[in-house]
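Enquirer: Chain residues, written in single-letter form:
There are 2 protein chains.
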Amino acid sequence: MKTQRRMIRLGAFLVAPGYHIGAWRHPHAHADGGLDFGHYRDLVQTAERGKFDMVFLSDGLGVRTPYRDEEELSHWGRSVQFEPLTLLSALAVSTERIGLAATASTTYHEPFNIARQFASLDHLSAGRSGWNVVTSVTDAEARNFNRQTQLDHASRYHRAREFMEVVTGLWDSWEDDAFLYDKEAGRFFDPDKLHILKHQGQHFSVHGPLNLSRAPQGHPVIIQAGASADGQDFAAQWAEVVFTAHQRLDQAQAFYRSVKEQVVEHGRDPEQVKIMPGVFPVIGRTRAEAEDKYAVLQDLVDPVVGLGLLTWLLGDVDVSGYPLDGPLPELPTTEGSISRQQLLYEKARSEGLTIRELYHSVSGGRGHRIVMGTPESIADELEEWFVNGGADGFNVMPPLLPDGLDEFVGLVIPELQRRGLFRTEYEGTTLREHLGLNRPRGAGQRP
Amino acid sequence: MKTQRRMIRLGAFLVAPGYHIGAWRHPHAHADGGLDFGHYRDLVQTAERGKFDMVFLSDGLGVRTPYRDEEELSHWGRSVQFEPLTLLSALAVSTERIGLAATASTTYHEPFNIARQFASLDHLSAGRSGWNVVTSVTDAEARNFNRQTQLDHASRYHRAREFMEVVTGLWDSWEDDAFLYDKEAGRFFDPDKLHILKHQGQHFSVHGPLNLSRAPQGHPVIIQAGASADGQDFAAQWAEVVFTAHQRLDQAQAFYRSVKEQVVEHGRDPEQVKIMPGVFPVIGRTRAEAEDKYAVLQDLVDPVVGLGLLTWLLGDVDVSGYPLDGPLPELPTTEGSISRQQLLYEKARSEGLTIRELYHSVSGGRGHRIVMGTPESIADELEEWFVNGGADGFNVMPPLLPDGLDEFVGLVIPELQRRGLFRTEYEGTTLREHLGLNRPRGAGQRP
Ligand SMILES: Cc1cc2nc3c(=O)[nH]c(=O)nc-3n(C[C@H](O)[C@H](O)[C@H](O)COP(=O)(O)O)c2cc1C
Ligand SMILES: Cc1cc2nc3c(=O)[nH]c(=O)nc-3n(C[C@H](O)[C@H](O)[C@H](O)COP(=O)(O)O)c2cc1C
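Each protein sequence line maps, in turn, to chains A and B.
Reading the first sequence from the start, the letters are residues 1 to 447 in the UniProt record's numbering.
Reading the second sequence from the start, the letters are residues 1 to 447 in the UniProt record's numbering.
Keep in mind that the hints were calculated from the coordinates and are not lab data.
This one's a predicted model, so the numbers in the text were calculated from it and none came from an experiment.
By construction, the Cβ of each residue, glycine as well, lies at the ideal position given by its N, Cα and C atoms.
Be a bit skeptical, because a hint or two may be false.
[What the hints assert, rightly or not] Below, in silico cross-link-like pairs of lysine-lysine (DSBU-like), each with a Cα-Cα straight-line distance of 35 Å or less:
#1 B/K198 to B/K260
#2 A/K198 to A/K183
#3 A/K347 to B/K51
#4 A/K51 to A/K198
#5 B/K347 to B/K260
#6 A/K183 to A/K193
#7 B/K183 to A/K183
#8 B/K183 to B/K51
#9 A/K183 to B/K198
#10 B/K193 to B/K183
#11 B/K183 to A/K51
#12 A/K347 to A/K260
[Claimed, not checked] Ranges of calculated distance between the beta carbons of each label pair, as one might list FRET restraints:
#13 B/Q200 to A/V387: 33 to 43 Å
#14 A/G201 to B/E376: 38 to 48 Å
#15 B/L324 to A/G428: 46 to 56 Å
[As the list claims (entries may be wrong)] Stretch by stretch, here's where chain A covers chain B in the computed footprint (C-beta under 8 Å, at least three residues):
#16 60-68
#17 115-129
#18 196-209
#19 239-253
#20 364-375
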């Protein structure tokens, strides 16, 4: 009997043409990559060659970048993208092993439709789907769904909790072995193994059953990225992977401890929740080369875009009226992401940054940790957080695609493998198996 | 200059394990085909080899077959299926030329999400997507979306009309050549070519823009299958393909004329609307062989299933309380499909059918025209309707898959090709080109 060594989990956060806000202007960027399937297929196949646990697609239900007019928006390079569930379905049949996770909002969908499309993706991919559950954070999205402003923060999470009950209940409509396909007897399934939901709640009334058999993974893997008190409590109850953003190890450790404690309070096993902070890797043969690469990208940030980005990260709080080279003013409370607003506010105060400096500081990592240097130094930085209770793995956000992913797979992953910190081959076939997550028991198997 | 000969349009209506209600019990059936991607990929590649204009996936938002308890439902072979948009996205990258049409309901979705997923599918497939617009017809679906019974018929169409305005408006958010990708100047798009919808209506308020560039086809092809007065008027305004069900040529001709006239009244070109009745082909080397094949399938229909099917086709009107061998009673008006209820009611009256005979008569074609015989006789029957103003093409519903599709592609299509009635090679690359439909002008190109 050998004890399984704890391994780093890796997600590839893919957004064409790269996570850095100026990336699309880089000579190597596929500026039209957001709607180029071949580009995404190549990226995901690269990530699969690198043995990533999963690729991850963020999402917004509309153009989320703030703009005062069309002219201002035209400086942004991110207004159009594939819709994630359709894209992942196409990628599912273009890959073999890598997990496929998409973001979808509980605020602007019906639970039946979400349960159904993710179950369908799990079947198409033979058990490789994941759902990043978000409540959405911008008024721009609300305006595409019959509202002028978004629902308040607490109500969004209230709806999200009931949404999860419905979706997981629908996923358990049929037991794993419900289907008999008995042609002779004319019995398609065993009626004792069908569990009709009949949910009647505050936000939803959903009868069921779901019209798909139970997913290969039982449930797609549940990912969550809200960091407010409400968001953490939601994660502690529902999430199996938690994405998060931290700059310093002590912050990451505090968050890690806090979430795992809350997981225990919810009666769950803390090992069944993987905490994965984002990292924004800038990779060079030398530290200087990495710094040069970063400087090239920073130079590509248009001031219009920098200010707009800041407005967005502050939760639709427009600071363009204030002097660029003055301090960040006191901010009104946002109905958007409270955690993200606080993070930025604290950063500006503690480091004494002006508005301009603040937007430059987030143009790259956007609040996520920047790891810049050689493959060895980056592996050191990842290992440090991993072995010291700051992370179970990382959501890797390449600044520029495909270059940043090619470099990570070609240089950083081999270094992690040499250290015995990352797999050299997939052992399982499902995303749950990659991540070391249990398969949820179905309705009929409950104790 | 050669004049283009008018060609038959063909859709392949694919539902595993076949359209006949007893098909799943057939020895050749893939009883688990509804969630077997390889099965669907093979079917669609067969249809593509046959040069079909498109494959078509019907849909229901839940288990639509009526059942009193789990035991009754367990006799049906159709309770689980892939969700169509995820399935078609995977099929898009597994095929080259064939059109890909999915059904989606205007009653249980938000227009932003539908506009987005179909645009995404159109990009993934390089211009091969189609949307069958339905308003849904069962209470079973309503119960999955916070209702006990469905919205009444008129309100569903009222919502559907505004839904179409929003969706097509979102599809025209960006002009075809809006994107500049000008890295030097930092201009992603030309701001004059962005048209923000700002829709404020009775059912929807949707700001826009859509976060995808204009679809390769401009708009996915709009298909419609409602046949009530309201449904026909909707089709006349919006549809480019009309699916329908008729038993006799004179009925088909009357419908054809009526819809085309209404199309003209809406100021549209009648050639830009293709009328495609469903046909249920039973193919043999001789008439007797075809009849035998049909009899084998009919023998596989469980009485529980036959009665349930009738209840469903009558729009949730349960007739199981009446003697099986007596006549169909007077029926209450349904809030489901009025046209379908009337069709069946008239059939039972005019042919003097008992309830049992009526359900047997629809177990195969379910109201669609059955064409049974040799490839030549079937080609004759299709040609007759095509040349006599009954149809622009047909929606082919193989009783049993893959056999029925293999036979149609192997035997009937070559016969149609010999007669010069069907293409021998794709000429265009998009579904619009296959069907001879114009590409809609974008917002900026409107006169
Ligand atoms: C690392 C990270 C990634 C996120 N990705 C998305 C996303 O792709 N789409 C989205 O709508 N929200 C995204 N969010 C927002 C959250 O998931 C959450 O809905 C929002 O932050 C509000 O919750 P909070 O106040 O608890 O943070 C992200 C948040 C974090 C911290
Ligand atoms: C040939 C045909 C195929 C149809 N396919 C579907 C389907 O896949 N899903 C669905 O919800 N409704 C389907 N319908 C229902 C209609 O599209 C429409 O929503 C319904 O018939 C109500 O409108 P009506 O009363 O105008 O017919 C179909 C109807 C016909 C005649």
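Enquirer: Give a verdict on every hint.
Expert: So, going through the hints one by one against the coordinates:
no.: 1; hint: B/K198 to B/K260; in the structure: holds (33 Å)
no.: 2; hint: A/K198 to A/K183; in the structure: holds (29 Å)
no.: 3; hint: A/K347 to B/K51; in the structure: violated (61 Å)
no.: 4; hint: A/K51 to A/K198; in the structure: violated (41 Å)
no.: 5; hint: B/K347 to B/K260; in the structure: holds (25 Å)
no.: 6; hint: A/K183 to A/K193; in the structure: holds (18 Å)
no.: 7; hint: B/K183 to A/K183; in the structure: violated (62 Å)
no.: 8; hint: B/K183 to B/K51; in the structure: violated (42 Å)
no.: 9; hint: A/K183 to B/K198; in the structure: violated (54 Å)
no.: 10; hint: B/K193 to B/K183; in the structure: holds (18 Å)
no.: 11; hint: B/K183 to A/K51; in the structure: holds (33 Å)
no.: 12; hint: A/K347 to A/K260; in the structure: holds (25 Å)
no.: 13; hint: B/Q200 to A/V387: 33 to 43 Å; in the structure: violated (56 Å)
no.: 14; hint: A/G201 to B/E376: 38 to 48 Å; in the structure: violated (59 Å)
no.: 15; hint: B/L324 to A/G428: 46 to 56 Å; in the structure: holds (53 Å)
no.: 16; hint: 60-68; in the structure: holds (count 4)
no.: 17; hint: 115-129; in the structure: holds (count 7)
no.: 18; hint: 196-209; in the structure: holds (count 7)
no.: 19; hint: 239-253; in the structure: violated (count 0)
no.: 20; hint: 364-375; in the structure: violated (count 0)
In terms of the numbered hints stated before, the structure departs from hints 3, 4, 7, 8, 9, 13, 14, 19 and 20, listed from lowest to highest.
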